[in-house]
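Here the protein sequences line up with chains P and H, keeping their order. Residue numbering for the first sequence follows our numbering, beginning at 58 and increasing consecutively. Residue numbering for the second sequence follows our numbering, beginning at 58 and increasing consecutively.
Calculated from the structure, these hints are not laboratory results. Each hint should be verified, as a subset may be incorrect.
One copy or two, it doesn't matter: identical chains are merged, so the pair holds either way.
[What the hints assert, rightly or not] Straight line, CA to CA, 30 angstroms or less: simulated DSSO-like cross-link-like pairs of lysine-lysine:
(1) Lys-310 <-> Lys-100
(2) Lys-315 <-> Lys-353
(3) Lys-324 <-> Lys-355
(4) Lys-208 <-> Lys-157
(5) Lys-157 <-> Lys-293
(6) Lys-208 <-> Lys-80
There are 2 protein chains.
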Amino acid sequence: MEFLQRYKQYGSFIDEHLSTFIKRTIPRSLYEPANYILEAGGKRIRPVLVLCACEAVGGKKEDAVHAAAGLEILHNFTLIHDDIMDHAAARRGRPTVHTKWDASVAILAGDVLLGLAYRALLQSNTASIQELSSIFTEGVIEVCEGQAYDKEFETRRRVSLDEYLLMIRKKTGTMVAVAMEVGAILGNGSAGQRAALKSYGELVGEAFQVQDDLLDVVADEKQFGKAIGGDIVEGKKTFLLITALQRAKGEDKRLLQKLVQEGGVSKRKVDRIRRIFLSTGAVEAAEIQIANDIAKAKEQLKVLNDSESTHMLSWFADMLLSRKS
Amino acid sequence: MEFLQRYKQYGSFIDEHLSTFIKRTIPRSLYEPANYILEAGGKRIRPVLVLCACEAVGGKKEDAVHAAAGLEILHNFTLIHDDIMDHAAARRGRPTVHTKWDASVAILAGDVLLGLAYRALLQSNTASIQELSSIFTEGVIEVCEGQAYDKEFETRRRVSLDEYLLMIRKKTGTMVAVAMEVGAILGNGSAGQRAALKSYGELVGEAFQVQDDLLDVVADEKQFGKAIGGDIVEGKKTFLLITALQRAKGEDKRLLQKLVQEGGVSKRKVDRIRRIFLSTGAVEAAEIQIANDIAKAKEQLKVLNDSESTHMLSWFADMLLSRKS
Numbered sequence: 058m059e060f061l062q063r064y065k066q067y068g069s070f071i072d073e074h075l076s077t078f079i080k081r082t083i084p085r086s087l088y089e090p091a092n093y094i095l096e097a098g099g100k101r102i103r104p105v106l107v108l109c110a111c112e113a114v115g116g117k118k119e120d121a122v123h124a125a126a127g128l129e130i131l132h133n134f135t136l137i138h139d140d141i142m143d144h145a146a147a148r149r150g151r152p153t154v155h156t157k158w159d160a161s162v163a164i165l166a167g168d169v170l171l172g173l174a175y176r177a178l179l180q181s182n183t184a185s186i187q188e189l190s191s192i193f194t195e196g197v198i199e200v201c202e203g204q205a206y207d208k209e210f211e212t213r214r215r216v217s218l219d220e221y222l223l224m225i226r227k228k229t230g231t232m233v234a235v236a237m238e239v240g241a242i243l244g245n246g247s248a249g250q251r252a253a254l255k256s257y258g259e260l261v262g263e264a265f266q267v268q269d270d271l272l273d274v275v276a277d278e279k280q281f282g283k284a285i286g287g288d289i290v291e292g293k294k295t296f297l298l299i300t301a302l303q304r305a306k307g308e309d310k311r312l313l314q315k316l317v318q319e320g321g322v323s324k325r326k327v328d329r330i331r332r333i334f335l336s337t338g339a340v341e342a343a344e345i346q347i348a349n350d351i352a353k354a355k356e357q358l359k360v361l362n363d364s365e366s367t368h369m370l371s372w373f374a375d376m377l378l379s380r381k382s
Numbered sequence: 058m059e060f061l062q063r064y065k066q067y068g069s070f071i072d073e074h075l076s077t078f079i080k081r082t083i084p085r086s087l088y089e090p091a092n093y094i095l096e097a098g099g100k101r102i103r104p105v106l107v108l109c110a111c112e113a114v115g116g117k118k119e120d121a122v123h124a125a126a127g128l129e130i131l132h133n134f135t136l137i138h139d140d141i142m143d144h145a146a147a148r149r150g151r152p153t154v155h156t157k158w159d160a161s162v163a164i165l166a167g168d169v170l171l172g173l174a175y176r177a178l179l180q181s182n183t184a185s186i187q188e189l190s191s192i193f194t195e196g197v198i199e200v201c202e203g204q205a206y207d208k209e210f211e212t213r214r215r216v217s218l219d220e221y222l223l224m225i226r227k228k229t230g231t232m233v234a235v236a237m238e239v240g241a242i243l244g245n246g247s248a249g250q251r252a253a254l255k256s257y258g259e260l261v262g263e264a265f266q267v268q269d270d271l272l273d274v275v276a277d278e279k280q281f282g283k284a285i286g287g288d289i290v291e292g293k294k295t296f297l298l299i300t301a302l303q304r305a306k307g308e309d310k311r312l313l314q315k316l317v318q319e320g321g322v323s324k325r326k327v328d329r330i331r332r333i334f335l336s337t338g339a340v341e342a343a344e345i346q347i348a349n350d351i352a353k354a355k356e357q358l359k360v361l362n363d364s365e366s367t368h369m370l371s372w373f374a375d376m377l378l379s380r381k382s
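Produce the complete structure using the sequences and hints provided.
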């Protein structure tokens, strides 16, 4: 509970910084939607990790606040643009930007957020600014690659588990790894510490995404905050569907193949599919993948000095394992 | 003619650099459209100006090639996204990215180009990388602001000439100014030289945009390469329409107001509108604005040493005045 409180404190620290960051209000069609998404909250995972990584190598969180804000703003850029591409109507309980305004406004608001993310990052006071900016930039490019694969997979019949893992690493893992590495650089961490924290980020990011897939199947609907089985209804090629497709036989296999061919199923078939995910061991495979990732992530922390921040990173990894939403 | 040859040489130098820049080919849905737009050519104005600015303060163009590529890639990012927002079907004689693929592909290809633009810029070898990146970033933000104003103006009844000029400065002037300033920094120019070249860029960028408006009305259709009067048919609030609206009286004024209210006119009315642009002096006002901008831009070059590159910048400004397309 102590860690959770600290996590929330760090989140508020970021929120305060973000709330004073965008000073302009015009053109309104640009800054209203940009502020709208930044103010909507969210878990603030990436910026909190930047602060923790900085502290874990002996730095002060104040030295990393600009970069932390940059990571969060960058994340929101991806959300706005991904929501357009995915035709998503709601996000964090509110209409998405392209729904509340329109696609043009959403494209441009996303673009300016990417610019603002660099503005925040470049306020960092460090001799390593070129390296910092390059790491950030390679992250931007990889996130785009991840999203491109994600969209490509939607219309492909076959996606292997390796391809799926590559996609989520690029789409989610990379930016969490960037957050950790950027924090470590700003805290003047050693090369070994940086590499370990980066690796922690990749693993935690991957686990987070597989957990997302898993929660769609096994979560408690009330705690989850949205309907269970949404991915199944949409025919989304998740860790579970890909694994179940490899393992299922007979009638089960044909049903899953039909699901892929038709790009989804009706709601009343969700329970049948869930049972296949369980009986084929796909659910268990996902649980093992997550547990392994988390164990490996925590292993990385051993090269760091024993500190409150290191413990918090360890707690954070465990929290992902037990999260319900 | 000598200068034109040199301009083309510099353009080829940029093209060669760009052609080796994107090494990845997958995900195809990302890199095919990104390469498609970069390979389509274009005037390469911004990167050539980066090289000229660098040389004009005594630097070598090789030192500025990464930043020059960054500016050109950034420009192409704005083209892809603007074309989606403007529902433009063709660009440089080929289908636009969202027409050839779809809007999702175009959004993402634009995004990755912005990342690639930073990657190119950050390859610059300079102690001023933080300043360079910040200037570039403020340019990105201003371009977004300019495009937001442009879209807002489409649905507004009244736009003042000052508002219009603010919009084109942000949308076009800023990035040309950024090109000049970045080139001057990479050539190790003095603060005075940098300020002068930046100012040259702002003025030339503004003149370029007003000339664009003017060509839609007075160009020779064959040389222009597209139909004359396109802006009029679309009811676009150009320098000419805004000025003519201020000055016209009686029947002429009512016709222009109707054009704005209805968001355009039929083709057969284009000649009538052109005559109003001429009789109210709107065409002359645009010509004066351009001539003044160009004269002021050339004035800026006086703080520089007399060199081939300075002469080329002077020639370039004059070329804008006389361009037919």
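Evaluation of the provided hints:
For a Cα distance limit of 30 angstroms, the shortest separation of Lys-310 from Lys-100 qualifies neither inside one copy, at 37 angstroms, nor across copies, at 56 angstroms. With identical chains, the CA atoms of Lys-315 and Lys-353 are never at most 30 angstroms apart, being 36 angstroms at best within one copy and 69 angstroms at best between copies. Neither within a single protomer nor between protomers do Lys-324 and Lys-355 lie at most 30 angstroms apart by alpha-carbon distance, with minima of 38 angstroms and 69 angstroms respectively. For the homomeric pair Lys-208 and Lys-157, the shortest alpha-carbon distances inside one copy (23 angstroms) and between copies (17 angstroms) are both at most 30 angstroms.
In this assembly of identical chains, Lys-157 and Lys-293 lie within 30 angstroms of each other by CA distance both inside one copy and across copies; the values are 26 angstroms within and 26 angstroms between. In this assembly of identical chains, Lys-208 and Lys-80 lie within 30 angstroms of each other by CA distance solely across copies; the values are 21 angstroms between and 35 angstroms within a copy.
In this structure, the earlier hints numbered 1, 2, 3 are contradicted, and the remaining ones agree with it.
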